[in-house]
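> Here is how the chains run, residue by residue.
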Amino acid sequence: MNRITLYIIIFLALFSCKKSDPPVSSYQPTPYQIVIPFRFPTQLNIPDDNPMTVEGIELGRMLFYDGRISGSAHPDSMMTCATCHLQSRSFECGIDHPKYTGGHPFGVTGIPTPHYMMPMINLVWTHTGYLWNGKIYPDNPAPGIRHLEDLVWMAIIAPHEMNSDTNKAKILIQSISGYPEMFQKAFGSSTVTVRNMGKAIAQFVRTLISADSKFDSYLKGEVQLMPNELNGYVLFMTEQGGDCFHCHGGEGNPLFTTNLFYNNGKDSVFTDPRDRYQVSGDPSDIGAYKAPTLRNLIFTAPYMHDGRFKTIDEVIDFYSSGLVWSPYVNPLMHHISSGGNQLTPAKKADLKAFLLTLTDSSFVNNPAFGMPDLP
Amino acid sequence: MNAPIRSTWIAIFGILFLTAFILNGCKKEDPAPPTPPDFGGISIQFNHVFNGIPLVLDSLAWSDDFGNEFEVNELQYFISDVRLHLHGGGAYQIGSSDGIHYVDARIPASHQWYPGDQIPSATYDSVSFTFGLSAVKNLSNRFPDPPERDMFWPELLGGGYHYMKLNTKWKNDSVPELRPFMMHLGIGQIYDLNKPDSIIGFVQNFFFVKLDSSAFTIEAGKQKALVITMHLDRWFDGPPNAFNLAILPQGIMQNQPLMHEVCLNGRGVFTCQLPTAN
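Protein chains in written order, with my numbering: chain A, 1 to 375; chain B, 1001 to 1278.
Since the hints were made in silico from the structure, they are not lab data.
Careful: at least some of the hints might be erroneous.
Stated by the list, open to error - Just some of the chain B residues that point at chain A, by a computed CB distance under 7 Å:
(1) 1053
(2) 1058
(3) 1062
(4) 1073
(5) 1145
(6) 1177
(7) 1179
(8) 1253
(9) 1254
As the list claims (entries may be wrong) - Here are some, though not all, of the chain A residues that point toward chain B, as calculated from beta-carbon distances under 8 Å:
(10) 181
(11) 324
(12) 327
(13) 336
Here the structure is a predicted model, which means the values were calculated and not measured.
Think of the CB as a built atom: it goes at the ideal place given N, C-alpha and C, for glycine as much as any other residue.
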């Protein structure tokens, strides 16, 4: 055997059987695991095509607070999610918003939103559709309005919100140094797409979990409620009291909403083209809207889909004596024939005291949800 | 043959014998001829009728002997501890997850239950179950997720879960506007008569239902279908109790005497059939 042949054999032996190294990739996102709070549901609404990652959440938080996602860098026309969704107001705009008088947001065009805001907390446990009428739901025959992710492109183009277009938005974000790298880390491509913008913001929004109120500590046996708060809790949880729990949960459902839709007896005439009926087509849903969570109620005035009640006291008064009959009132509003649950002033005060135990101040001050340093 | 040669031959035969013995000892047994499995499956369909007519939600289609018309808006309930009773004695409990099944009239998938395919093949002649959840199984917070979660029964009223939510609206000639009536069943309370806000005890209102049916056989390897029908009119009309919605309170979950009477009616609310094509 000559030397050349020997070298060929050695070469083949060395390289023919060697395993090839896996290709080096810069796309190695870090999985993010949501920690389920005490007694919270276990089933999370996280689409298979948008798993939670540390990088995705970080990017989403940036975009949530960056007015340039509206496709404009001009201060007069910049708008972002955080323009209306204020952390200090549990991610609603609040009745004392400096711009949106009375808590009714409007877009860059000045057109008001069709409804007032819904609480934007604990949405990772929403399975019944988003918005007051649940029109964003997985089986929606209209493509593109099925998931939390889709609310981003909808907000960009809506005249009552950013009134922009998605091309402008993605081109502007693409041009900002730092964002392409973050998209690469989060989604494996430095090319900015509106779809990935939506995915990132949705990931951030799914981390907005509020579960650290006084009532949560009470459930865990860490604190005791005051006598008036306990009285209010009894009213909340009893059919012959306030009977709030059937729609708003309680110790067995600490989300403090069933996320279901009810006509709660506010009106007798129904003209809103965006009630639940417009989504379900079921006449029993005429005048029905999703029951919002009662957590952080102190921050989220005004109340109801049309913001008609400015204070918690007004809401309690409504359920006590302001119910209006219609054929569509949900049967759970069983006090309808007497106009409400007829609470005395003392009971109203107790009920309010209990509702305030659902306040989670650590949530509205959590730096992980606050404004980041933007690229 | 000299001794060394004989020893060698003995050793060779010994080794061959031992090898043959070991090989034979390790040989797999011939597989036994296949025997049919001893288990079959079962599926249960839950139907809901009112005066024999299939229930239509939100339809003012029903009436009672007191002249009230009414509609059913929600029907949600648990059954548990479902047992098949053997012809000649004995019973077999079906279903995993503690044999609990939740039915919601608005969730068609809940109207079908497949408790498994490991039902001993035999001839059975009745079905029984607990309506609601027994005291042992009615544990607060056992269902963290909807829809079962939303059946929770307040802790201070006894805890656990509603056995049933039957939400209706009714009207009559004197009351032309639809009014709600909520027939909610669960753990009852005993109130201190001197302090109406004080609860001094609880009452387990779950009850046992046994449904005779035509004898049916679970055949090995086959699926048997059963139909359990809830006759909703019997909740209101009995026997034994006939309720006039016009004089009842709007809800009963804090009214143990009424819950007790409703539960008495509940024992006759269900029937069991074999599908005609079964």
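> Could you run down the list of hints and mark each one as holding or not?
The hints, checked one at a time:
Annotation: residue 1053(B) was flagged as interfacial toward chain A, and the flag is violated, the nearest CB pair being 19 Å apart, outside 7 Å. A distance limit of 7 Å between C-beta atoms decides the matter here; for residue 1058(B) the minimum to chain A is near 4 Å, and the interface restraint holds. About 14 Å separates the beta-carbon of residue 1062(B) from the nearest beta-carbon of chain A, more than 7 Å, and the hint is not met. The beta carbon of residue 1073(B) comes within 5 Å of a beta carbon in chain A, closer than 7 Å, and the hint placing it at the interface holds.
At its closest, the beta carbon of residue 1145(B) sits 5 Å from a beta carbon of chain A; the interface hint therefore holds under the 7 Å criterion. Proximity of residue 1177(B) to chain A holds as hinted, the smallest CB-CB distance being about 6 Å (cut-off 7 Å). For the restraint placing residue 1179(B) at the interface with chain A, the shortest Cβ-Cβ distance is roughly 5 Å, inside the 7 Å limit, so the hint holds. Because the beta carbon of residue 1253(B) sits about 5 Å from the nearest beta carbon in chain A, less than 7 Å, this interface hint is met.
Given the 7 Å rule on beta carbons, the hint for residue 1254(B) holds: about 5 Å separates it from the nearest Cβ of chain A. The criterion of a C-beta within 8 Å of any C-beta in chain B is not met by residue 181(A), whose closest approach is roughly 39 Å, and the hint is violated. Because the closest C-beta pair between residue 324(A) and chain B is about 11 Å apart, greater than 8 Å, the hint is violated. Interface hint status for residue 327(A): upheld, as the beta-carbon distance to the closest one in chain B is roughly 6 Å, under 8 Å.
A cut of 8 Å between beta carbons decides the hint on residue 336(A): the least distance to chain B is about 6 Å, and the hint holds.
Comparing the model with each earlier hint shows violations of hints 1, 3, 10, 11; every other hint is respected.
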